[in-house]
Amino acid sequence: GENVGLHLPTLSVQEGDNSIINCAYSNSASDYFIWYKQESGKGPQFIIDIRSNMDKRQGQRVTVLLNKTVKHLSLQIAATQPGDSAVYFCAVSYNFNKFYFGSGTKLNVKP
Amino acid sequence: KAGVTQTPRYLIKTRGQQVTLSCSPISGHRSVSWYQQTPGQGLQFLFEYFSETQRNKGNFPGRFSGRQFSNSRSEMNVSTLELGDSALYLCASSSRTDFGYTFGSGTRLTVV
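Residue numbers (our numbering), protein chains in the order written: chain A, 1 to 111; chain B, 1 to 112.
Note that these hints are calculated values from the structure, not bench results.
Hints are not guaranteed to be accurate.
Stated by the list, open to error - Derived SDA-like pairs (lysine to any residue); straight-line CA-CA distance at most 20 Å:
1. A:42 <-> B:100
2. A:71 <-> A:1
3. A:42 <-> B:86
4. A:98 <-> B:41
5. A:110 <-> A:20
6. A:98 <-> B:54
7. A:98 <-> B:51
8. B:57 <-> A:56
9. A:56 <-> A:72
10. A:42 <-> B:45
11. A:98 <-> B:30
Throw the hints in and build the complete structure from the sequences for me.
Written as structure tokens, this is what we have:
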């Protein structure tokens, strides 16, 4: 199996600052990781993914970092905006089988 | 292309009744997974179907069942509803060959 945990249930940042959301996993064989954003009343929305053969991947204003040595995953959001306020989940999978989800970090962006 | 479509969006049922939820995956996706999301338990895996076969199963009682049709559309059924079944039920589809795992907007089930 897999245990996936997030370091903080809630994160408050000032608009324009950078946000970092963390996730830890337990199975060293896990090889595919996804970050999702979930707004109230909606399903999780795919943000960015990374495979275990990479340690960094960048998207638009988002960067995912993977440290396989300590089994840690982070999502960095640059210049955080009010529209980024949501719950963020990491999802972890081995060989694209069942996904395990963290409990989520609620990001509050203060104007 | 169209996303994952779940119907209905909202549902209110009485204890003891049964309910069927529907999920239409992204065109070309043959894998459909179902999750239950509650404030206390987060996202919990129910089951996955691929090419009409159940591939993986979570730790839910037999009252929760599912199936997948030849066009990859999937349904899940919950029989003898309990108050604790109130949740947001999400399905996610993928191709299983390309990476990516896309969720629908969910069905909000309330059991009264």
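Quick rundown of the hints versus the structure:
no.	hint	in the structure
1	A:42 <-> B:100	holds (18 Å)
2	A:71 <-> A:1	holds (14 Å)
3	A:42 <-> B:86	holds (16 Å)
4	A:98 <-> B:41	holds (17 Å)
5	A:110 <-> A:20	holds (15 Å)
6	A:98 <-> B:54	holds (12 Å)
7	A:98 <-> B:51	holds (16 Å)
8	B:57 <-> A:56	violated (32 Å)
9	A:56 <-> A:72	holds (12 Å)
10	A:42 <-> B:45	holds (18 Å)
11	A:98 <-> B:30	holds (15 Å)
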